Amino acid sequence: MRVEEAVLPGVGRKFTITVQSGDRLVIVVHHSGKRELQYFEAGEDGDEPIMALDLTDEEARELGAILAGVLFHPEAVGDTQSKLGQKVIEWIKVLPGSKLAGKRLAELTLPPGAHLLAVDRPGAPLIPNPSPEVVLEVGDTLVVAGSREAVEALMRTL
Amino acid sequence: MHPSVEAFALAAGLLAFGAALVHRFGFPPLPVYLLTGLLMGKALPVQDLEPLPSLGLLLLLFSVGLEFGPDRLRGLSGKAVQAGIYDALALPLGFLLGLFFGLDLRGAALLAGAIYVSSSAVIVKLIIDLRRAANPESEVVLGVSVLEDLVILVLLALLGGQGFQGFVLSLLLAGLYLSLGRFLGPSLVTFMENLSDELVLLLGASFTTGTALLFQAAGASVGLGAFLAGSLAASLGLRERFERLFGPVRDLGVALFFLVVGASARDLFQGLTPAVVALALLGLLLKLPLNYLGGARAGLSRKRRLYSAFYLVPRGEFNLVLGALAQAQGYPLVAQVAVLLVLVSIPLGAVLTRFAPELGRILLRETQSRPARIP
Chain A
1 MRVEEAVLPG VGRKFTITVQ SGDRLVIVVH HSGKRELQYF EAGEDGDEPI
51 MALDLTDEEA RELGAILAGV LFHPEAVGDT QSKLGQKVIE WIKVLPGSKL
101 AGKRLAELTL PPGAHLLAVD RPGAPLIPNP SPEVVLEVGD TLVVAGSREA
151 VEALMRTL
Chain B
1 MHPSVEAFAL AAGLLAFGAA LVHRFGFPPL PVYLLTGLLM GKALPVQDLE
51 PLPSLGLLLL LFSVGLEFGP DRLRGLSGKA VQAGIYDALA LPLGFLLGLF
101 FGLDLRGAAL LAGAIYVSSS AVIVKLIIDL RRAANPESEV VLGVSVLEDL
151 VILVLLALLG GQGFQGFVLS LLLAGLYLSL GRFLGPSLVT FMENLSDELV
201 LLLGASFTTG TALLFQAAGA SVGLGAFLAG SLAASLGLRE RFERLFGPVR
251 DLGVALFFLV VGASARDLFQ GLTPAVVALA LLGLLLKLPL NYLGGARAGL
301 SRKRRLYSAF YLVPRGEFNL VLGALAQAQG YPLVAQVAVL LVLVSIPLGA
351 VLTRFAPELG RILLRETQSR PARIP
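Sequence lines, in order, name chains A and B.
Sequential numbering of the first sequence, starting at 1, is according to the working numbering.
Sequential numbering of the second sequence, starting at 1, is according to the working numbering.
Chain B with its partners taken away, still in its complex shape (with noise of 0.2 Å):
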């Protein structure tokens, strides 16, 4: 038997393992993966898991893009846009940052975009594991992710490209895909309702690994084109269809994909340097207060103000887009530091949402004690 077969196996059964252990305990599994492939990289074949990792990044990307896609920002509240906007400040401070530690202008820029993206794959998964998805600050935080997600886009197209060729090429692709999405989207909605379910599958798996191919053959960032490959697709209409056709796989992928992030953040792990840290720490302490400040700007009580700004702790695919393509274009501190967010914040954050309503209570008692003493 292929060889893949047995690593799979194994993967699969330690996953499991780890999954089943934290339900016990109402705690989300995400950060679990991480951890599992921390541990036991060494002894797993991660190299034999390909290519369901990779496949797991496309369908992650692709399915932000079906959900957190630029149609989203007609359905925004403006209170969310608020938030947003506060949110949107740790870009020019993560820029003066990156300046102050000796990047250039690029370098600073993706390192602004590693400090400012949070997950909005991760925040999701951890809303709905955690049930807090009537919640109202649940609203801010999933329209601050939209907005991320979009800003996010606009930066990966301007720097996704490889020189200047590479540049108009990924900005013309964008620009062709949201075009596509805007204008012939509608009239294709009807069509693609009558397609059967096993037609819109393949379709949709053909459109994102091709897509994703497209876009790295024009040197411009596959992760910009999976992410566009779904948000057209949610132009189309297919966004529930996608999210239930898809759903399955794209979880198997995520968890596969977040083993071997794991397991190569060993070799991570060797090379850190105080700088390193001291980027990807300063990182996670500038947007809590940001994001603190913006749900007060969007209405959301103390408590709630709080609950948000341990919300968007988590950073995820797209500090590992960012990492990939400054590895590439030879920032290794930037990549570094991308990658460190994503293995401290995720379990982090994991922590912080779980057990926001205990740490507010400590973090806020003198505040709400204060005025039940008064009568």
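Looking at chain A on its own, in the form it has when it is part of the complex (with noise of 0.2 Å):
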């Protein structure tokens, strides 16, 4: 992948993203927060776009971060998996009544291959590496990484 980008006095900045196959993405990013984006095809003269796409700020941010693997809505938390080659991130969120709980972290048994990476509690900053102190409260959520194995065996256990 090649990216050119370019200062477009007045307006943005301009990227130009050739992927591998060819296939070229042209992306003004404004200074009004406005995404304009455009596609051209490889091997075509590429002067015209075969297609253009305006995106709000919000948009383009939602896009970006769906394209960056992380999805970031609270509500999808439990099936939320972001693949990194074979190892896997999930998010596993203390519901009211779970057994995790009031549990203190040195009390949680991981499976091997598995790590607790971080402890995110909201209105709190993000507890990263969590030392075995941490105690566990209804609407955590853990972020845990490792083998698919290792962290389908936790989920199952939880």
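Source of the hints: derived by calculation from the structure; they are not laboratory data.
The structure displayed is predicted, hence computed values, not measured ones.
Hints are supplied without guarantee of correctness; some may be wrong.
Stated by the list, open to error - Computed footprint of chain B on chain A, listed as stretches where at least three residues anywhere in the stretch have a Cβ under 8 Å from a Cβ of chain B:
#, segment
1, 114 to 122
2, 140 to 148
As the list claims (entries may be wrong) - Only part of the chain A face toward chain B is listed, based on derived beta-carbon distances under 10 Å:
#, residue
3, Gly12
4, Thr16
5, His31
6, Ser32
7, Glu36
8, Gln38
9, Ala42
10, Glu48
11, Ala52
12, Asp54
To be verified - Computed list of chain B residues with no C-beta within reach of chain A, every gap over 10 Å:
#, residue
13, Phe8
14, Leu39
15, Val46
16, Gln82
17, Pro92
18, Ala134
19, Ser138
20, Val168
21, Phe355
All C-beta atoms in this analysis are idealised placements derived from N, C-alpha and C, irrespective of residue type, glycine included.
Got two chains here, separate frames each, mind docking them using the hints?
Now the structure itself:
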């Protein structure tokens, strides 16, 4: 993939992305936050776009997050999986009545190959590399990573 | 109530009506503001609108300075510079044209500037409104605009002062502003980031108008002052913030400003001579082939070259600055040409830009269908 960047004074910034197949994507990020997307197919003389799309700032960010493999809707927690090659990342929410609530992390037994990366507590800063002393509360989200089997085994035990 | 409120309500209503009318057809609103002024100028108490139109021009030049300041030179691609060199040939040609029409050196230089400089503000607006930002020619056209504005900056600093003293002061002030931005800018960026939006807005407004007044007091060009204030603000890392904070205020002021330009053009048309019309037409025609060739140097396809020549037709803010300067320095002919160029080139440029694809198809049809027949 090749990315070329150009400043458009008064308008914003233009990114020309050429992917492996030779197709091109031109993205203009306007000062107003608007994004303009144009798609050019490889092999064509490349003068007129096949597709053009306008996105608002919010839409563009959402699309970017989806493209980056990060789904961030809290409702979707539980089946949110992000692939890192053969490894996966899983977000596990502590629901009311869960046996995790009130437990210290030290009491938690993780299957080999699964690792606890962070605890996300609503209204508080993210707790990265949480210490064993952290006590889980209802509403917390555990961020777990590891091999697919280990993470799925962990999910089954909860 | 103050009579300005009445005038403002009337003007804003007319402008909104005009803009709504053309919006349906996907046409940019700028030329409509001029035409509204031209048609309704008699009925409108234009004088009562002040100081909004004057502020509009200052803010327009400020934001042009913000976006097209000297620091943009670094980001310019080689192709844009190549196109800009061809484009700059309009200066000597315009100068010769001025001499041919019996102007002295100073007058001819002012005329050359008026013929040479396209309006970056109008072009940017057309490109955004007509959704051409992603096209390859837009990059070249905007790059050429950066160069044009810098050349005009030098021209204004050289010609802007009245008398020798004004000339020296003008150059000194311009140099001071540019070096302030260059050397003081980087260290002040974080300080500026901590200021609140409101403070930045107020500081910006007083800085722009204050600079314009300072330049006027020194006998230099007010427009040059506003432009330099903008480029100084850009070097303080305030570009995006000012763009966001000032954008709406500027757009309103600019709309009113163009309305007033249109309204005051009625007097201009009464004193129109063949020489003025001939010079304006020649000026418009002069740049088209230059920009077409420039587009070729920048590696654009035939169609895109044509587009880029069309995009660069509109003359605007700097023509009005040069026109006011020419009037003050006793070159009414140049002033008339400069203003007539604005009046003609903005609607014409908007039409050409809007219908560039259609025009390109008509103008380049022969050459395009030929290779298709070979197989």
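Structure-based check of all given hints:
1. Against chain B, the segment 114 to 122 of chain A contributes 0 residues with a C-beta closer than 8 Å to a partner C-beta. That does not satisfy the three-residue criterion, and the hint is violated.
2. Proximity of the segment 140 to 148 of chain A to chain B, defined as three or more residues with a beta carbon under 8 Å from a beta carbon of that chain, is not established by the 0 residues found.
3. Interface restraint check for Gly12 (chain A): the shortest CB-CB distance to chain B comes to about 7 Å, inside 10 Å, so the restraint holds.
4. Checking Thr16 (chain A) against chain B: minimum C-beta separation of about 9 Å stays under 10 Å; hint holds.
5. A distance limit of 10 Å between C-beta atoms decides the matter here; for His31 (chain A) the minimum to chain B is near 5 Å, and the interface restraint holds.
6. With its C-beta approaching chain B no nearer than about 8 Å, Ser32 (chain A) sits inside the 10 Å limit, and its interface hint holds.
7. At a threshold of 10 Å, the smallest CB-CB gap from Glu36 (chain A) to chain B is about 5 Å, leaving the interface hint in force.
8. With a least beta-carbon distance of about 5 Å to chain B, the hint placing Gln38 (chain A) at the interface is held under the 10 Å criterion.
9. The beta carbon of Ala42 (chain A) comes no nearer than 17 Å to any beta carbon in chain B, farther than 10 Å, and the hint placing it at the interface is violated.
10. Given hint, Glu48 (chain A) at the interface with chain B, holds; its Cβ is 9 Å from that chain's nearest Cβ, closer than 10 Å.
11. Taking 10 Å as the C-beta cut-off, the interface hint given for Ala52 (chain A) holds, the closest approach to chain B being about 8 Å.
12. A distance limit of 10 Å between C-beta atoms decides the matter here; for Asp54 (chain A) the minimum to chain B is near 8 Å, and the interface restraint holds.
13. With a minimum CB-CB distance of about 26 Å to chain A, Phe8 (chain B) clears the 10 Å threshold, and the non-interface call stands.
14. For Leu39 (chain B), the non-interface assignment is confirmed: its Cβ lies about 29 Å from the closest Cβ of chain A, beyond the 10 Å cut-off.
15. With a least beta-carbon separation of about 28 Å from chain A, Val46 (chain B) lies farther than 10 Å from that chain, consistent with its non-interface assignment.
16. With a cut of 10 Å on Cβ distances, Gln82 (chain B) stays outside the contact zone with chain A, its closest approach being about 15 Å.
17. Against chain A, the non-interface label of Pro92 (chain B) holds: every CB pair exceeds 10 Å, the least being about 25 Å.
18. The Cβ of Ala134 (chain B) does not lie farther than 10 Å from every Cβ of chain A; its closest approach is about 4 Å, which violates its non-interface assignment.
19. Not every CB of chain A lies more than 10 Å from the CB of Ser138 (chain B), the least distance being 6 Å, so the non-interface label is violated.
20. Separation of Val168 (chain B) from chain A is adequate, the least Cβ-Cβ distance of about 31 Å exceeding the 10 Å criterion.
21. With a closest Cβ-Cβ approach of about 16 Å to chain A, Phe355 (chain B) is found to remain outside the 10 Å limit, as its non-interface label requires.
Hints 1, 2, 9, 18, 19, counting from the list given before, are not met by this structure.
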